[in-house]
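K.L.:
Here's the letter readout for the chains.
Number of protein chains: 4
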Amino acid sequence: MAKSRFEYVKSFEQNDSCLPNCWLVVRIDGKGFHRFSEVHHFVKPNDDRALQLMSRAAQCVMEEFKDIILCYGQSDEYSFVFKKNTQLYCRRASKLMTNVVSLFASSFVFIWPQYFSSQELQYPPAFDARIVCYPSDQNLKDYFSWRQADCHINNLYNTCFWKLVQEKGLTPAQSQEKLKGTLSSDKNEILFTEFNINYNNLPEIYRKGTILIRQKKGNTESQTPSCTTSSYYCQQNKKTRPRISMLHVDIIGNSFWNEHPELLES
Amino acid sequence: MAKSRFEYVKSFEQNDSCLPNCWLVVRIDGKGFHRFSEVHHFVKPNDDRALQLMSRAAQCVMEEFKDIILCYGQSDEYSFVFKKNTQLYCRRASKLMTNVVSLFASSFVFIWPQYFSSQELQYPPAFDARIVCYPSDQNLKDYFSWRQADCHINNLYNTCFWKLVQEKGLTPAQSQEKLKGTLSSDKNEILFTEFNINYNNLPEIYRKGTILIRQKKGNTESQTPSCTTSSYYCQQNKKTRPRISMLHVDIIGNSFWNEHPELLES
Amino acid sequence: MAKSRFEYVKSFEQNDSCLPNCWLVVRIDGKGFHRFSEVHHFVKPNDDRALQLMSRAAQCVMEEFKDIILCYGQSDEYSFVFKKNTQLYCRRASKLMTNVVSLFASSFVFIWPQYFSSQELQYPPAFDARIVCYPSDQNLKDYFSWRQADCHINNLYNTCFWKLVQEKGLTPAQSQEKLKGTLSSDKNEILFTEFNINYNNLPEIYRKGTILIRQKKGNTESQTPSCTTSSYYCQQNKKTRPRISMLHVDIIGNSFWNEHPELLES
Amino acid sequence: MAKSRFEYVKSFEQNDSCLPNCWLVVRIDGKGFHRFSEVHHFVKPNDDRALQLMSRAAQCVMEEFKDIILCYGQSDEYSFVFKKNTQLYCRRASKLMTNVVSLFASSFVFIWPQYFSSQELQYPPAFDARIVCYPSDQNLKDYFSWRQADCHINNLYNTCFWKLVQEKGLTPAQSQEKLKGTLSSDKNEILFTEFNINYNNLPEIYRKGTILIRQKKGNTESQTPSCTTSSYYCQQNKKTRPRISMLHVDIIGNSFWNEHPELLES
Numbered sequence: 227m228a229k230s231r232f233e234y235v236k237s238f239e240q241n242d243s244c245l246p247n248c249w250l251v252v253r254i255d256g257k258g259f260h261r262f263s264e265v266h267h268f269v270k271p272n273d274d275r276a277l278q279l280m281s282r283a284a285q286c287v288m289e290e291f292k293d294i295i296l297c298y299g300q301s302d303e304y305s306f307v308f309k310k311n312t313q314l315y316c317r318r319a320s321k322l323m324t325n326v327v328s329l330f331a332s333s334f335v336f337i338w339p340q341y342f343s344s345q346e347l348q349y350p351p352a353f354d355a356r357i358v359c360y361p362s363d364q365n366l367k368d369y370f371s372w373r374q375a376d377c378h379i380n381n382l383y384n385t386c387f388w389k390l391v392q393e394k395g396l397t398p399a400q401s402q403e404k405l406k407g408t409l410s411s412d413k414n415e416i417l418f419t420e421f422n423i424n425y426n427n428l429p430e431i432y433r434k435g436t437i438l439i440r441q442k443k444g445n446t447e448s449q450t451p452s453c454t455t456s457s458y459y460c461q462q463n464k465k466t467r468p469r470i471s472m473l474h475v476d477i478i479g480n481s482f483w484n485e486h487p488e489l490l491e492s
Numbered sequence: 227m228a229k230s231r232f233e234y235v236k237s238f239e240q241n242d243s244c245l246p247n248c249w250l251v252v253r254i255d256g257k258g259f260h261r262f263s264e265v266h267h268f269v270k271p272n273d274d275r276a277l278q279l280m281s282r283a284a285q286c287v288m289e290e291f292k293d294i295i296l297c298y299g300q301s302d303e304y305s306f307v308f309k310k311n312t313q314l315y316c317r318r319a320s321k322l323m324t325n326v327v328s329l330f331a332s333s334f335v336f337i338w339p340q341y342f343s344s345q346e347l348q349y350p351p352a353f354d355a356r357i358v359c360y361p362s363d364q365n366l367k368d369y370f371s372w373r374q375a376d377c378h379i380n381n382l383y384n385t386c387f388w389k390l391v392q393e394k395g396l397t398p399a400q401s402q403e404k405l406k407g408t409l410s411s412d413k414n415e416i417l418f419t420e421f422n423i424n425y426n427n428l429p430e431i432y433r434k435g436t437i438l439i440r441q442k443k444g445n446t447e448s449q450t451p452s453c454t455t456s457s458y459y460c461q462q463n464k465k466t467r468p469r470i471s472m473l474h475v476d477i478i479g480n481s482f483w484n485e486h487p488e489l490l491e492s
Numbered sequence: 227m228a229k230s231r232f233e234y235v236k237s238f239e240q241n242d243s244c245l246p247n248c249w250l251v252v253r254i255d256g257k258g259f260h261r262f263s264e265v266h267h268f269v270k271p272n273d274d275r276a277l278q279l280m281s282r283a284a285q286c287v288m289e290e291f292k293d294i295i296l297c298y299g300q301s302d303e304y305s306f307v308f309k310k311n312t313q314l315y316c317r318r319a320s321k322l323m324t325n326v327v328s329l330f331a332s333s334f335v336f337i338w339p340q341y342f343s344s345q346e347l348q349y350p351p352a353f354d355a356r357i358v359c360y361p362s363d364q365n366l367k368d369y370f371s372w373r374q375a376d377c378h379i380n381n382l383y384n385t386c387f388w389k390l391v392q393e394k395g396l397t398p399a400q401s402q403e404k405l406k407g408t409l410s411s412d413k414n415e416i417l418f419t420e421f422n423i424n425y426n427n428l429p430e431i432y433r434k435g436t437i438l439i440r441q442k443k444g445n446t447e448s449q450t451p452s453c454t455t456s457s458y459y460c461q462q463n464k465k466t467r468p469r470i471s472m473l474h475v476d477i478i479g480n481s482f483w484n485e486h487p488e489l490l491e492s
Numbered sequence: 227m228a229k230s231r232f233e234y235v236k237s238f239e240q241n242d243s244c245l246p247n248c249w250l251v252v253r254i255d256g257k258g259f260h261r262f263s264e265v266h267h268f269v270k271p272n273d274d275r276a277l278q279l280m281s282r283a284a285q286c287v288m289e290e291f292k293d294i295i296l297c298y299g300q301s302d303e304y305s306f307v308f309k310k311n312t313q314l315y316c317r318r319a320s321k322l323m324t325n326v327v328s329l330f331a332s333s334f335v336f337i338w339p340q341y342f343s344s345q346e347l348q349y350p351p352a353f354d355a356r357i358v359c360y361p362s363d364q365n366l367k368d369y370f371s372w373r374q375a376d377c378h379i380n381n382l383y384n385t386c387f388w389k390l391v392q393e394k395g396l397t398p399a400q401s402q403e404k405l406k407g408t409l410s411s412d413k414n415e416i417l418f419t420e421f422n423i424n425y426n427n428l429p430e431i432y433r434k435g436t437i438l439i440r441q442k443k444g445n446t447e448s449q450t451p452s453c454t455t456s457s458y459y460c461q462q463n464k465k466t467r468p469r470i471s472m473l474h475v476d477i478i479g480n481s482f483w484n485e486h487p488e489l490l491e492s
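Residue numbers (my numbering), protein chains in the order written: chain A, 227 to 492; chain B, 227 to 492; chain C, 227 to 492; chain D, 227 to 492.
These are calculated hints, taken from the structure and not from any lab test. Any given hint might turn out to be false.
Because identical chains share one entry, a pair is satisfied inside a single copy or across any pair of copies.
Claimed, not checked - Here are the simulated SDA-like pairs of lysine to any residue, each with C-alpha atoms no more than 20 Å apart in a straight line:
(1) K413 <-> H474
(2) K413 <-> Y425
(3) K321 <-> N424
(4) K413 <-> C316
(5) K292 <-> G258
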């Protein structure tokens, strides 16, 4: 059987290496998670189990790919930054994206029972992913500011929306109508006057999202356990397993970056 | 909080639409499956449970993405063909690749217990994926011929290799050494004279791999059950669920394509 | 002087090979030719000298790059088709585009005096270029139909526009206003009733544009002289110089392609 | 005539915008200039007329495209840097490359007679071009260091090579053989002992190449005349025409960049 006669088809594969000397950001995003969250009875506007599960799956990815220096997640999305000069998979876009997103998806299902003990997974979820090159540190910071601002805006809206539905008995359509065209200040006011809620006192995980970074040696910040429960797996990884910190802080201002100068020096 | 100030970073995303009027093939491939197969005690050279699990996961992908007309799998890889003029995700390469590979990976974990009841999954696996454009029908046929020829060559080698290890007591290194430089005919001869095996009588799933195609209406070929066990999920999909046939036949010659003319007419 | 310390910058060049087994079309287009045509007092709506010059420059390109099988030009644009399986410059998009466009531009200036003896070239013109892959023969035919339909539509409009300006004394603005929203049939009617012109009797070069193809051996169709006048150059190329035919015929219907079956067989 | 039926072919054009916030460098390179230089009897190893012509053509390009901040040329190549945030042609790679290279080529022919009065142009030359994105200032500096180091290395070699041929009567093959494997220091030594030439005293244009930058206002450095001789053209451009300086200095060290801080601030 002449193998070589057909091998020419391999030449149709196109090179998709990312530009050198750029930060590489892979962002994954749940496919059809509106329906997924309904089928699995997610608490609205924020389901703690789902948020923790997302971050644990992200942690699995970060443990596997040592060149990821920082992750940021909110809602059903997560972003992963590879260090500027990573040579992983020769910086091939498709290799980087698909390894990250498939490990995230398989981890999500693998560790689901740890977070949703009373709620069986009904069907396997899909995620999409994209990869983006950012030439400068400022571009990278602005990327995370963009995602965190998005988190804030969505959370403020969703908090109002669901309060109106859950506590005032509005239909989703009525709630949507009431919030149409409102400014952030209007929504803060609604929360305060109608529900006695000071938005800024809500848990930071909802308002800021979740940041994963590797601990510097000797650091004793709250460390998360490794992503897998299997005794076999843990045993293999105990000694070399990376220590990862989970934060829910502002990354739009300079403080975060000033406190973690090693991130941009990577 | 000025959202717009940061949104410029979105402009760094690059358009990666695939050329129109080409067959789009997504191929996924297990990451580190040599180790994965050892950890999970896969039977060598072919583990029926693993092969079935791979095909079941591919079926889940095919059920979700209706524009996939044909899949082909062997070992730890699977290829998915989208119809020539699919407009799914505007033919964006990253969207197509990542949705396919993440759903494959999450399905693989989700349905693992159905095939490996006595063997707990030790850790979540990753898969990579690539997408390739093929302009002509002949290119597409040659692609599958390439993969099926690869299946044959690897299977012949692996069958010999493991027979020598398992039945003749050779070490892997000795077995490898013995097979070095042998032709297909030599390996067939070894199997026949030393192990009384006629290679061509081995199960076709090992020698040919697995083909998934959609059944034409009214077709009563062996139909596989839907990929998910959840009563909830099945209920939702019972009526509209696609009927998919699983074949283990030659796709290098013309017979397969002549018997399924609708594939290339899609 | 350490050369190697800097050579890493070469790795930033990105591979841009065109997909195999596709027709490659390079289309060049004059930059700012509205102004260029005014400065050089082009006859409106069609300047025979300019049209001939464009085609002669295209011929120079076709003589240099033997893998070009067909060219089509109209107004200030020209398209060049490379044969489907050309390996020229490893099918690198930037190499193909820039070689074609730069030779076209330098030839345009080089042979200008042959066509504009009484009109000195005032400044060197620029052209842009793009390259497009077409997977099927039908796509390629449709590409040329698109350009020839464009030629017809623009020429019909321009013929009316300039007749109104040149013979009826309308200002350009008035002429434009009069033609706004008119159909092809309206413009044919204006030409016939107001100027006694039957559009279909106008020279085919204006209505159909110009096609360049290589002559089959023994063919005695009107052959154009080689693009260069220099005795030196001609001497070098006399014997091997390709014979090129210039046609002004319909390429939307099937006749042209039926009469030149070798084009698509290339 | 149904235009729209064919217009779908336009959708096969692929977006090729360059990554934002990167320096864009277009490098053009003469096609077959070994032969071109022989046909036109270029003085070896350096022909002043040819070097000046190349720089004058580059100047034409720089005058036309205001976003070019810096050019560097040597031998038959020239590099053009667009400012980091240029929006010209929406940063489309093919538009940028082809406009630059075609204007360079047409200018080369247009102004040829000014530099080669006694030597008629025998045929129109072609140039290829490529575009490369550089994320950081250091990458950009290293790019120019790479080209200038290349200029030095080639010039040292060529100077030795031609001295051996022209003054010692070696054949080209003998000269090549003699220089095979020699270090820079060896070649300096040959020049000094055999030809009494101190390499460092050779004209800087040969050793360093040519840099074109825009003059800061009020600057009275040696200014080159505009690229075109036509009285018509000059008249149009007299007042707005950019003032460009030509330098032959080291750009590998920091001095050049320190003296021209505005370049990287652009």
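K.L.:
Each hint: holds or not?
P.N.:
Checked hints:
no., hint, in the structure
1, K413 <-> H474, "neither (22 Å within a copy, 60 Å between copies)"
2, K413 <-> Y425, "within (9 Å within a copy, 67 Å between copies)"
3, K321 <-> N424, "neither (45 Å within a copy, 39 Å between copies)"
4, K413 <-> C316, "neither (47 Å within a copy, 36 Å between copies)"
5, K292 <-> G258, "between (30 Å within a copy, 16 Å between copies)"
Violated hints, listed in ascending order, are 1, 3 and 4; each of the other numbered hints is respected by the structure.
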